[in-house]
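Participant: Residue numbers (this note's numbering), protein chains in the order written: chain A, 176 to 420; chain B, 103 to 421; chain C, 3 to 292.
No wet-lab data here; the hints were simulated from the structure.
The beta-carbon is built from N, C-alpha and C at its ideal position, and this holds for glycine as well.
Honestly, I wouldn't trust all of these hints.
Pairwise CB distance ranges, derived in the manner of DEER restraints [as the list claims (entries may be wrong)]:
id, chain 1, residue 1, chain 2, residue 2, range
1, B, 109, C, 84, 22 to 32 Å
2, B, 419, C, 168, 51 to 61 Å
3, B, 376, C, 119, 42 to 52 Å
4, C, 166, A, 353, 53 to 63 Å
5, C, 91, B, 419, 50 to 60 Å
6, B, 198, C, 187, 49 to 59 Å
7, B, 337, C, 119, 23 to 33 Å
8, B, 243, A, 190, 51 to 61 Å
9, C, 91, B, 376, 25 to 35 Å
Calculated from the model, a selection of chain B residues having no Cβ within reach of chain C, i.e. all distances over 12 Å [said to hold, decoys possible]:
id, residue
10, 122
11, 198
12, 222
13, 223
14, 277
15, 315
16, 336
17, 407
Simulated coverage check for chain C against chain B, where a stretch passes if three residues somewhere in it have a Cβ under 8 Å from a Cβ of chain B [said to hold, decoys possible]:
id, stretch
18, 67-81
19, 190-198
20, 218-229
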Amino acid sequence: MIEVRELRRSFGGVKALDGVTLTVGDGERRAVIGPNGAGKTTLFNVLTGELPPTGGDVRLAGAEITRLRPWQRARLGLARVYQRTELFAPLSARENVALAVAARAGPYRAFRAPPRSEYAAADALLERVGLAGRENAAARILSHGERRQLELAVALAQRPRVLLLDEPTAGMSPAETARITELISGLDRALTILIVEHDMDVVFRLADRVSVLHEGRVIADGTVSEIRGDVRVHDVYLGKAVSVA
Amino acid sequence: MTRAARWVALAAVAVGLVTFPYWSAAWESSRFATTVLRDMLVFAIFALSLDILVGHAGMPSLGHAAFFGGGAYAAGIASQRLGTDQLPITLAAAVLVAALLALVIGLLVVRSEGIFLLMLTLALAQIVFAIAFQWTAVTGGSNGLAGVSRPTLFGIDLSAPDRMYVLVAATFLVVSLLIWSLMRSPYGRALTGVRENERRMRALGYDTTRLKLSAFVVAGMIAGVAGALSAYSQRFVSPGDAGIGTSVQAFVMVLIGGAGTILGPVLGAGVVMYIQRVLSSAIPVSETVLGLVFIGFVLLARQGIVGLGRAAYARVRAP
Amino acid sequence: MSPELLFQQALNGLSFGALLFILAAGLSLVFGMMDVVNLAHGAFYMLGAYVALTVVQFTGSFWLALAAAPVALGALGLAIEPLLLRHLRGRHLDQVLLTIGVSLVIVDLIGLIWGREVRSLPFPPGLDGTVVLIGGVYPVYRLFVIAFGVALAAVIAVIYRRTKLGMLIRAGVEDAEMLGALGVNTDRLFALTFAVGAALAGLAGVIAAPVFGLQPGMDVDALLYSLVVVVVGGLGTLGGAVAGSVLVGPVDTFGKVLFQEFALAVIFAIVALVLLFKPTGLLGRIRIAR
Numbered sequence: 176m177i178e179v180r181e182l183r184r185s186f187g188g189v190k191a192l193d194g195v196t197l198t199v200g201d202g203e204r205r206a207v208i209g210p211n212g213a214g215k216t217t218l219f220n221v222l223t224g225e226l227p228p229t230g231g232d233v234r235l236a237g238a239e240i241t242r243l244r245p246w247q248r249a250r251l252g253l254a255r256v257y258q259r260t261e262l263f264a265p266l267s268a269r270e271n272v273a274l275a276v277a278a279r280a281g282p283y284r285a286f287r288a289p290p291r292s293e294y295a296a297a298d299a300l301l302e303r304v305g306l307a308g309r310e311n312a313a314a315r316i317l318s319h320g321e322r323r324q325l326e327l328a329v330a331l332a333q334r335p336r337v338l339l340l341d342e343p344t345a346g347m348s349p350a351e352t353a354r355i356t357e358l359i360s361g362l363d364r365a366l367t368i369l370i371v372e373h374d375m376d377v378v379f380r381l382a383d384r385v386s387v388l389h390e391g392r393v394i395a396d397g398t399v400s401e402i403r404g405d406v407r408v409h410d411v412y413l414g415k416a417v418s419v420a
Numbered sequence: 103m104t105r106a107a108r109w110v111a112l113a114a115v116a117v118g119l120v121t122f123p124y125w126s127a128a129w130e131s132s133r134f135a136t137t138v139l140r141d142m143l144v145f146a147i148f149a150l151s152l153d154i155l156v157g158h159a160g161m162p163s164l165g166h167a168a169f170f171g172g173g174a175y176a177a178g179i180a181s182q183r184l185g186t187d188q189l190p191i192t193l194a195a196a197v198l199v200a201a202l203l204a205l206v207i208g209l210l211v212v213r214s215e216g217i218f219l220l221m222l223t224l225a226l227a228q229i230v231f232a233i234a235f236q237w238t239a240v241t242g243g244s245n246g247l248a249g250v251s252r253p254t255l256f257g258i259d260l261s262a263p264d265r266m267y268v269l270v271a272a273t274f275l276v277v278s279l280l281i282w283s284l285m286r287s288p289y290g291r292a293l294t295g296v297r298e299n300e301r302r303m304r305a306l307g308y309d310t311t312r313l314k315l316s317a318f319v320v321a322g323m324i325a326g327v328a329g330a331l332s333a334y335s336q337r338f339v340s341p342g343d344a345g346i347g348t349s350v351q352a353f354v355m356v357l358i359g360g361a362g363t364i365l366g367p368v369l370g371a372g373v374v375m376y377i378q379r380v381l382s383s384a385i386p387v388s389e390t391v392l393g394l395v396f397i398g399f400v401l402l403a404r405q406g407i408v409g410l411g412r413a414a415y416a417r418v419r420a421p
Numbered sequence: 003m004s005p006e007l008l009f010q011q012a013l014n015g016l017s018f019g020a021l022l023f024i025l026a027a028g029l030s031l032v033f034g035m036m037d038v039v040n041l042a043h044g045a046f047y048m049l050g051a052y053v054a055l056t057v058v059q060f061t062g063s064f065w066l067a068l069a070a071a072p073v074a075l076g077a078l079g080l081a082i083e084p085l086l087l088r089h090l091r092g093r094h095l096d097q098v099l100l101t102i103g104v105s106l107v108i109v110d111l112i113g114l115i116w117g118r119e120v121r122s123l124p125f126p127p128g129l130d131g132t133v134v135l136i137g138g139v140y141p142v143y144r145l146f147v148i149a150f151g152v153a154l155a156a157v158i159a160v161i162y163r164r165t166k167l168g169m170l171i172r173a174g175v176e177d178a179e180m181l182g183a184l185g186v187n188t189d190r191l192f193a194l195t196f197a198v199g200a201a202l203a204g205l206a207g208v209i210a211a212p213v214f215g216l217q218p219g220m221d222v223d224a225l226l227y228s229l230v231v232v233v234v235g236g237l238g239t240l241g242g243a244v245a246g247s248v249l250v251g252p253v254d255t256f257g258k259v260l261f262q263e264f265a266l267a268v269i270f271a272i273v274a275l276v277l278l279f280k281p282t283g284l285l286g287r288i289r290i291a292r
């Protein structure tokens, strides 16, 4: 479903991505882990099109999307949940989701109020992520955990084929983490999910396969149990790995 | 108040507004109030169009007078060069010229934001002003375009002050209704999204560049309509109609009244016009008053009069 | 164009450029430090000229006016920043809007106090003559303007590079937030910077007054020109103000001579182009402030 080949991205002299290659299958749940600065968020930014790569290419369902703008990739079924919440603060939870629902129909519909079906769909999604009863609350007054739930609802409203989750449990209490993990685990199996996470329990619970990023490269790629036992991965996290210049 | 009652009240106000010169003749025969109200409504249309950019789309523009002046000149020049007074023709000329200007300027500014957008729109509008000021052969140069005739519509001559007023008031009502319904539609909701978080809108699949450009052109066209009405009313177009002073004036109206609403720009136009036309004959420091009022709103009531009203209403509602 | 005329116009361009530098330096400095485009800058310029008018009226001394106007404007700037702008810290767009209001008030009060007719300031005695140069006779005052501009730039450069104040300002332009985190009183620094910007604008007003006179609308012209210089040369740096004024001064002068009708449009087209392709200007550096 997603194919990334020799992806490179430099900032000045810093090589954030130094030849990243990985392939995520249809319906697979892939975790991307690695120490801070390994390039995980940069990888996501290149995948969504917010950052152009300095080399390599990106494919979605076989089609090359390296040159496409973010909104074009979204239309092709790529959705993202951001690390730092990116919502429409003064709008209600319902309106936040409705905007995502309406994106498919296109915005150039003027002179009529938005169809009720959009708001009904929004409410259904809010219920699905556990925000029933909070539909009218403005996004900015929601708690941190509730906002992450809302983010998920917004992303799901895009009816994506691929979902990119950028540290979905960051800053959450154990109870909230458990709830979000259950939610993600219960998502449609046809959905391909790429998840960046630091919390290993979440990774082991959700992922089919794991890719380990270090200094802009994939150093290990395998099932959860394979990665668990991989010495290189341990070294990377404990700082013993020697940098490949 | 029920919804139906609200509509009836609005309709009553609308009718009263359009027929103002006829029922006010009893207590003011000098037509001063009619003239001031007429000019207020012209600027209300202008301010409403700017609010599409400033309040709804989140694109602060200090160059909106380019479309107002452009429309004014187009209407005036069309009526003189084409030798016609037909309203549909001269108004169409104004809208067309304004739309074209807005498209060109819009394409150039649509990727900027914040202070850069402010300065870019200012600079580009100055080009329009400079052309108006110096292209004497076409625009009359620094002396302006004089002798703009008032239009006729389907044979009805609209030169008389009360008829001119009706044209302006009717146009104002149409424009208000248009913008109101536009902002409630998916299009308006998308603009709100762009204003609040453009990055997220792109991630959702909206082509925000095209959305912003379309808003720019729509706002420009409506400003052009206001400009044409100004040309007819004053029978005169000056380069200042495209200048920074006019742009600033509209911005002040939007902010004082309340950006992002329908009532806001209208109230703002009323307040500013009142200060400039009525207060100015009573006291010599009217512009100073305007400046101080504006400063006050920026500091203390950023959401304008409408914002103050909403806050007061909320306070009353839930103590 | 004959070589004599060319030389004369070149001198005109340079003297205009010198004036533009004095005018634009303040705007650039304030933007670099506070991320605020002071749209009242033209009003400050105008006020400086009118203050000079009054000083000359009462004392007959141009030189006293040259000293008094910047002081007066500096005081005004020192009052405005803490009274008004400080309340809007972090809201850069709103601060710009505030300066619009300030400009409206100042310009109206000027009209009220001094009237709206065109006034003029006589050349100071000693600088009111002409001198014989290659191109023929040339007004001494314009040469004075060039010399003054260069001298001022040198003084500013010294203060900027070699004094503690200059270092603070340079650091503030680079990253005011960091400076505050280090314990520097950024409130006072901002107020001072704003005051200096206003003072420079006032100074420009005095210098320009004998050449351009005083009339309503001079604030708009000054604001627009200083915006042009700052954008072209580089937003936020003094070097940019130099580069911009050295470029715009002669270009505008020759443009008016050669293109007459559309010189103004051409200038603003250049601004638009620069903003589009290199928004930081030729030498500028900015931080993207949200």
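Participant: Hints first: check each against the structure and report whether it holds.
Facilitator: Consistency of the hints with the structure:
1. 109(B) / 84(C): 22 to 32 Å: violated, 50 Å
2. 419(B) / 168(C): 51 to 61 Å: holds, 55 Å
3. 376(B) / 119(C): 42 to 52 Å: The hinted range 42 to 52 Å is violated for residue 376(B) and residue 119(C), with Cβ atoms some 28 Å apart.
4. 166(C) / 353(A): 53 to 63 Å: holds, 57 Å
5. 91(C) / 419(B): 50 to 60 Å: violated, 32 Å
6. 198(B) / 187(C): 49 to 59 Å: 56 Å Cβ-Cβ, so the 49 to 59 Å window holds.
7. 337(B) / 119(C): 23 to 33 Å: holds, 28 Å
8. 243(B) / 190(A): 51 to 61 Å: holds, 60 Å
9. 91(C) / 376(B): 25 to 35 Å: holds, 33 Å
10. 122: Given a closest Cβ separation of 30 Å, the condition holds.
11. 198: Fine: 21 Å to the nearest Cβ keeps residue 198(B) off the interface.
12. 222: violated, 5 Å
13. 223: Non-interface label on residue 223(B) violated, nearest chain C Cβ at 10 Å vs cutoff 12 Å.
14. 277: holds, 25 Å
15. 315: holds, 15 Å
16. 336: Answer for residue 336(B): holds, closest chain C Cβ roughly 20 Å.
17. 407: holds, 16 Å
18. 67-81: Result for this restraint: violated, n = 0.
19. 190-198: violated (count 0)
20. 218-229: With 3 residues in contact (Cβ-Cβ under 8 Å with chain B), the coverage given for the stretch 218-229 of chain C holds.
Hint compliance for this structure: hints 1, 3, 5, 12, 13, 18 and 19 are not met, and every other hint is.
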